[in-house]
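Residue numbers (the numbering used here), protein chains in the order written: chain D, 1 to 455; chain L, 1 to 455; chain E, 1 to 455.
Hints should not be assumed to be uniformly reliable.
[Stated by the list, open to error] With a Cα cut of at most 35 Å, we get these calculated DSBU-like pairs of lysine-lysine:
1) 309/L - 361/D
2) 135/E - 128/L
3) 310/L - 236/D
4) 236/E - 310/D
[Stated by the list, open to error] Covered stretches of chain E (chain L as the covering partner; in silico rule of three or more C-beta atoms under 8 Å from a C-beta of chain L):
5) 271 to 279
6) 291 to 300
7) 411 to 422
I should point out that these hints are in silico values taken from the structure, not numbers from a laboratory. Because the structure is a prediction, the values reported are computed rather than measured. C-beta: ideal position from N, C-alpha, C; glycine also.
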Amino acid sequence: MTRKTLLTTGALSTLLVAVAAPASAAVDPETTFVFNTLLFLVMGFLVMFMAAGFAMLESGMVRRKNTAAICLKNIALYSIAGLAFYLVGYNLMYDGVNGGFLGSFSMWNPGAGEAAYAAAIEAKDQAKIAETFGKISETGYAAASDWFFQMVFVATTASIVSGTVAERIKVWPFMIFVVFLAAIIYPIQGSWQWGGGWLAELGFSDFAGSTLVHSTGGWAALTGAIILGARRGKYKDGRVIPIQANNIPMVTLGTFILWLGWFGFNGGSQLALGSASDAIAISTIFVNTNAAAAGGVVVVMALTQLLFKKIDLTMVLNGALAGLVSITAGPDSPTIWQSALIGGVGGVLVVVFVPLLDRLKIDDVVGAISVHLVAGIWGTLAVPLTNSGASFVNQAIGIVAIGGFVVVCSTIVWLALKYTIGIRVSEEAEEAGLDQSELGLDPNPPMGQVASGTA
Amino acid sequence: MTRKTLLTTGALSTLLVAVAAPASAAVDPETTFVFNTLLFLVMGFLVMFMAAGFAMLESGMVRRKNTAAICLKNIALYSIAGLAFYLVGYNLMYDGVNGGFLGSFSMWNPGAGEAAYAAAIEAKDQAKIAETFGKISETGYAAASDWFFQMVFVATTASIVSGTVAERIKVWPFMIFVVFLAAIIYPIQGSWQWGGGWLAELGFSDFAGSTLVHSTGGWAALTGAIILGARRGKYKDGRVIPIQANNIPMVTLGTFILWLGWFGFNGGSQLALGSASDAIAISTIFVNTNAAAAGGVVVVMALTQLLFKKIDLTMVLNGALAGLVSITAGPDSPTIWQSALIGGVGGVLVVVFVPLLDRLKIDDVVGAISVHLVAGIWGTLAVPLTNSGASFVNQAIGIVAIGGFVVVCSTIVWLALKYTIGIRVSEEAEEAGLDQSELGLDPNPPMGQVASGTA
Amino acid sequence: MTRKTLLTTGALSTLLVAVAAPASAAVDPETTFVFNTLLFLVMGFLVMFMAAGFAMLESGMVRRKNTAAICLKNIALYSIAGLAFYLVGYNLMYDGVNGGFLGSFSMWNPGAGEAAYAAAIEAKDQAKIAETFGKISETGYAAASDWFFQMVFVATTASIVSGTVAERIKVWPFMIFVVFLAAIIYPIQGSWQWGGGWLAELGFSDFAGSTLVHSTGGWAALTGAIILGARRGKYKDGRVIPIQANNIPMVTLGTFILWLGWFGFNGGSQLALGSASDAIAISTIFVNTNAAAAGGVVVVMALTQLLFKKIDLTMVLNGALAGLVSITAGPDSPTIWQSALIGGVGGVLVVVFVPLLDRLKIDDVVGAISVHLVAGIWGTLAVPLTNSGASFVNQAIGIVAIGGFVVVCSTIVWLALKYTIGIRVSEEAEEAGLDQSELGLDPNPPMGQVASGTA
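Chain D on its own, in the form it takes in the complex (with noise of 0.2 Å):
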C-alpha cells in the first residue's frame, strides 16, 4: 500500500458522481451545516481542555504548598467565566455591534430560528422545513455551538491570568475579577473586532486572537502582577531570588495540552468546515500553528544554550507557547517557515522579557506576560508581513486600542477589590502557602500521608 496517493474517494461516489455532477459536486447546505458545527464542536473541546493545560502548567510551576490552591482557580475560573459569559459576556460582544464600541446587556439565547426549525420537523411540514432551515443556514452552524466555541476562549483569556498573580492572590477577590473580565472587559474589547465593531471597520486584523485573547489576558495579568505585588522573598536586596519549578513534567503536560489544544484554537478560528476552500485553510493552519511552536522551541534552546550554557527548560516551554501566541494573529497566511521564523521571534521575547519584568520587580510567576502579552503585540505586528490585507498601522491602533481599555478596566477593578476587600493573602498565610490558608490543607498529614500537592 502506498500512503499518499489516495485513490478510493468513496465506493459509492466513484461509480456515481459522473450521473450526478455538476449539482452533486457541491456540499449541500445542511451538510455544510453540519460540518461548520462539528469545527465548532470538535475545536471546542480542544480549546476546553487548555483549562487543564494552564492547570497543569501552573500547578508545576508554583511552589508545592500552592499546588491545591492554583488547581482550584483554574478549575473555578473555567467555570465561572462561563457562566458570566452566558448571562452577560456574549450577547454584549456579538449582538447588535453594528460597527461601533459594545452590544448589547442580556442573557445569550439560540435565537427562535432554530426552534422554527425544530417546530416544522415535528410538524413534517415540508415546505416550512425549507423555509425555516433557509434562516439558519444563513448563518450556517448551530447557535449553540458558536456559543460553546466563544466561551472556551473567554475562559482562556481568563486562565492567562490566574498564572502571574498565583501564590499570593485570595481565591474570592480573584472570582470577582474573573467575572468582570468574562462579563465585561474581554466582550467589549472583543466586539470591537468579533463582534464586528468600530476595529473591524477599520481593517485591524486578528484571526484567532494573539491580541484579543492572549494580550487581553496578558494586560490584566501586568496590572494585576503590579497592584498586587511581588511574591514575599522573591525581590532580596537588590537581588531576584530564583523559584523552580516544583513539578517540571505537569509544566511539561500543560504544555503539551495548550499545543494540543491550540489547533483547536488557531483551527477553528476558521468558523467554518463546510467547503473544500476551509477545509485547505485550517490544514495550513494546523501546521502553521505547529511550525511556530516548534520554531520556539528551538530558538529558546539555541538561544538559552548561548547565553547561560545550559538549556533553561521553563523557557524551553514557554518558548513553545510564545511561538503559538504569536502565530495566533494570523496563522492562515504565512507558508511553514515564515511560521517557525514568527514563532521563533516569539520565543526570543520570552528569553529578554521573563529577566527584564523581573528587573522591574513585576513578579510574573510562571512568564505570562512574556508569553501572552509581548509574543501577542508581535504577533498581531507581524500579520502584514505576509498578509496583504493587513496595514502596520491598523495592526497598531488594535493593540494600543485595545491595551488601553484592558489597562484602564483592569486597573480600576483590581484596586477596587484591593481597596475593598483586600486582593492580597496575610503575610503568614503567603508563608504557610495558600493550600493552608485558603482550602485549609493540612501541610503535614496524619496517617502516612503528605502534603496536599504534588509530592
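Chain D is already provided as a structure; the job is to place chains L and E on it using the hints.
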C-alpha cells in the same frame, strides 16, 4: 474580520447550490452514514479517555502507598470490561430484547450487512451496491463504531466502582467482579432501556445514563463498600479520620479529563450527526453539559466556604462531576441556566452525602457513591422538570427497578467472591500498601530512587 | 429511548431523499474532500498528543534526577523532527519515488493545485473553479492535512528512541540524531513502502507502521543503546540492578495517552473518510486497536502473576503498548478476538524480551526495544494470518530490508556523533543527574522548593 457572521458557506456551494435545490438541500444517505459513524468514533475516543481521567483522579486521592495498585486496576478494568462486553455484554444488551428483560447470550459481530456491502463494492456491481447500502443505511452507521461507543460506556461503569473500593481490595477478585458487571449486570439492566426493553416501552427516560451508567456503577460501588468494610483506621473511636489526597494536581487533571470526556458521553448519545437537527441537538447538549459542571463547581465552592469557612477542593472537583452526572439523564432539553441549576443541586448532594456516608461508616475513597449514585438518581428525577415527555412515576420506576437489580446481583457476586477467594487484602498488606503487597513494588528502592507512586 | 436502533437519519434527508436518488445517494466530491481532510486533522491531533504520552511515560520511568531532561528531549524532538520533515523528509519520502528507493531532496510545499483553486474562487470563475477543484480532488484532501498527519508519524518514531537512551545521553547530540532520523533515515525507508517504492511494488504490507514507524524507531534505539552503553550501576557483578519507576501514575497517564493516540495512528492510516466503506474500515480499526491493547494488558497481567507471583505493572503498561504496536501492521483485517490474540502475543514478547535484553546488558530504560521493535516485527509477520493479500515472504523481506537499512544508517550516525562531539554525559553528570548537568536545575533549591522533576 468579524467572528460571528459566517459568510462563506463553501465556495462551490455558494455558486452551484441554486441549480441543485431542493434535492441537494438534504444530506445524502452515505454522507449521513459517515457523519453518524464519525460521531461515534470521535465522541467514543473522548469517553475512552475518561478511563485515564478516573485513573488520575483515583491515584491522586489514595495514599501514596496505593497509587500503583489503583493505576493497575484502572487500565486492567478498561481492558477486561471491553473484552467481556464483546464476548457477552453487547448482544445481551442489544440483540433481540424486544420489550423484554434481556437480549441474547452471544458474541458481538458486525453483522452480515456490511460484509455484503463490501462484497458488492469489490465486485463493482452497482445495483448490488445500492441494494446492500440500503440495508446498512437503515441503522445508519458502521456497526463497529456503535460497538466502540457502547463499550466505552461499560468501562465507565466499572471505573466508578474502582475508586470507592480502593486501598483495600485485592486485584484479581476485583477483576472478576468487573467481568460480571460488564458481561451480565450492566448489559441486562441496560437492555431494559437502551436495548428497547420493558423500561423503554414504559416510557422511562435516561438520555446518556444517569441511571443506566452512573447509578449502576454507584450501586455496585455501594454494595462493594459495605461488604468490603472500611479502610483500617478510617473510623476510630466514633470519629472519622480524614485522609487527604496525596496529589491534588492529579485529581484536578482527572476531573478535567472526565469533564472533557463527558462532551463525548452526552454528545455522542444523540447517536446521530447526519442532519442539522442532530447537529443542533449535540451543540445544545455540549453547552448544557458544560453548564451543569460549572454549576456544580460554583455551588460547592460557595457552600463549603459558608459551612466550613474554607473551600474544600476535593468537594469542588466532585461537585463538577456531580453536576455532570446530574445532567446526563437529560442534557438535551434544559436551557443553560436550568442546566447550571440541575448541576448545582448535584453539587449540594455531594456536600451532604459525603459526610453522611462517613457517618454511616461506608468508606468511599473518592466520593463516587455521592457523585455517581446520588447525583445520578437526582439527575434522573430531574428530567421531567424540563422534558414533558418524561414522568416522575416512570423515572422512579426505572430508578428503583435498576437499583434493585444491580444491588441484588452485585451483592451476590461480592459475597460469592468474599466467601471463596476473599476480596480483602490482609491487615499487614493494607498497612504496607497495595503497591507492595499486590505489585511487589519496593517502598524503599535503592539507588536514589523514590517509592512507587507520585513521589 | 432505545439506543441501538437509529431512526432519525436527518430531518430533511428523510423527507427529501426519495426525490434525489440515486445521484444524491453518494457522497459528493467536495464533501469527500472535507471528510478526508477532517480525518487527517482529527486523527493527526491525536497522534500529535502521543508526544505528550511518550513524555509522561518516560518522565515517570526515569529516576527523579533525570525527569526534566527527558521532558526537554521529548518536546524538543517533536519540534525538531517536524521541522526536519518539512525541510527534507516529506519530499524524500513521497515525492516521485515511483517504485524506487527514495524521493526527491526538496522542501515540502502544498503544490500549485490548491493555489490555482484559491485563485479561481477569488475570481468567482465557475468553470475555473470546477476545473481546478477537479485536480485537487484527485488526491482528495488538503495537502497540508496530509503533511500534518505524516509529520506526526515521524515524531513518534523519534520519541521511541528517547526512552531507551534516557538518563545518560547528552541533549544536543541526541537532537542531531533526531535530525538525521527525521530528515533522512525514516523518510528513505518509508519511501520504499508508503512512498510507493520497491517494497510497495513487491507487495509488502504495513498498514500503519509496525515496521515503518515502530521497528524503525526500535532499531535506532537498539543501536543507540549498544553504542551508548548501559547506565552506571545498572549491571553490577553479573547482576541486573532493578531501577523502579519514580512516578507510576505518570507512566500510566502516558500509556493511556498513547492508547488514545493510537486510534488516530491506526484509524487515520485508512487515509480516507469520504465513503461508507472508509467509515466502516476505520470503525473496525478502532475496535481492533482497542482489543489488541486490551489483549496485551490481560495476557501480561496473567503471565507476570504466574511467573513472578506478583503483577508487574510496568510490564502490564508495556503490554498494552506492545499490543498496540502488534496490531498496527494490519488493524483492518482481523476480528476482535484475533486482534486481542495478536496483541496478547505482543504482551508475551514484552515479558520475554525485557529480561532477555537485560541479560545481554542492553540497557533500555523504558522497554521501548521490546515494545516497538520486537512487537513491531511480530505484528508485521502476523498480517498474513488474517489478510490474504499479504505473504510471509514479503513481510520478512520488508522487515529485513528496513531493519538492515536503519541499523546501518543509525550506527553510522551514532558512531560519528560518539567520536566527534561525544554522546554520553560524564560520570559525575550521570551521578548528579541530567537535570543538573544538562539543564542547570538545582537539586536542592532554596525557599522550601523541591528538586526538579516529579517531587
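To see whether the hints hold, each was checked on the structure:
Straight-line distance between C-alpha atoms of residue 309/L and residue 361/D comes to about 34 Å, which keeps the hinted pair within the 35 Å bound. For the proposed pair residue 135/E and residue 128/L, the alpha carbon gap of about 30 Å is at most 35 Å, so the pair holds. Distance restraint check for residue 310/L and residue 236/D: the Cα-Cα separation of roughly 32 Å lies within the 35 Å cut-off, and the hinted pair is therefore satisfied. Distance hint between residue 236/E and residue 310/D is fulfilled; the C-alpha atoms sit about 32 Å from each other, no more than 35 Å.
A stretch counts as covered by a chain when three or more of its residues have a beta carbon under 8 Å from one of that chain; for the stretch 271 to 279 of chain E and chain L the count is 7, and the coverage holds. Only when three residues or more bring their CB closer than 8 Å to a CB of chain L does the claim for the stretch 291 to 300 of chain E stand; here the count is 6, and the claim holds. Counting residues of the stretch 411 to 422 of chain E whose C-beta sits closer than 8 Å to any C-beta of chain L gives 0, which falls short of three, so the coverage hint is violated.
Against the hints set out earlier in the document, a violation occurs for number 7 only.
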